[in-house]
Amino acid sequence: EVHLVESGGGLVKPGGSLRLSCAASGFTFSIAWMNWVRQAPGKGLEWIGRITSETAGGTTDYAAPVKGRFSISRDDSKNTMYLQMSSLENEDTAVYFCTTDYPIWGSGSCNYWGQGTLVTVSS
Amino acid sequence: DIQMTQSPSSLSASVGDRVTITCRASQSITKYLHWYQQKPGEVPKLLIHSASSLQSGVPSRFSGSGSGTDFTLTISSLQPGDFATYYCHQSYSVPQTFGQGTKVEIK
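Chains as they are written, first to last, in my numbering: chain A, 189 to 311; chain B, 29 to 135.
These are computed hints drawn from the structure, not numbers from a lab.
Wrong hints could be hidden among the right ones.
Said to hold, decoys possible - Chain A stretches covered by chain B per the calculated footprint, using a threshold of three residues with CB under 8 Å from any CB of chain B:
hint	segment
1	204 to 214
2	267 to 277
Claimed, not checked - Partial pick of chain A residues on the chain B-facing surface, computed with a CB cut under 7 Å:
hint	residue
3	190
4	200
5	230
6	232
7	293
8	295
9	297
The C-beta atom is built at its ideal place from N, Cα and C for all residues, glycine as well.
Between the sequences and the hints, there should be enough to build the whole structure, so can you do that?
Right under this line is the structure:
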């Protein structure tokens, strides 16, 4: 059974940093392209970034609002993806989800979602 | 960046109604268009991937169509559990983008 479990959320002051983790199980993580999606309170879904598999170069892409502040990485030996967030702003307050398109490889869809982890940026 | 515009933003419908939600991309995304349902307090659920492929376990009253820039999600006969917010999502190019959502409410 597929599981995605996010952790690391919490309360942080503006300008601060936080690292989120997404622990994956139930599928071959090393070949998965993984996404981070967030949802601010009462708002819609926002794609914030993606990391490809190592065989595809392990490349990362980001949405404009987080580019240069957020960084995605992965450790295939731990079946875990990370989201390093820095220079956090009030507008980054949201539930952060990790997603994968397994087993619909190549679709880019978000077939599996974690339960999300809440990040609150406030002084 | 590719903009995804959903319409309507909200709608009121009755059980048994046929409901159609549209999603328009600002440029061609071929068939890299996916639809999700989200109920309050829950994680989004994939309904349709690749414009028209019904995800496993999703009732057949849900269907998707379209290609290029114009896409449609149809619920053939609205059921009580279908009252939710629906989102489209393009994965054709990065940055990927979601539509703003369509809230389906009970009339």
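field: Structure-inconsistent hints, enumerated in ascending order
entry: 1, 2, 3, 4, 5, 7
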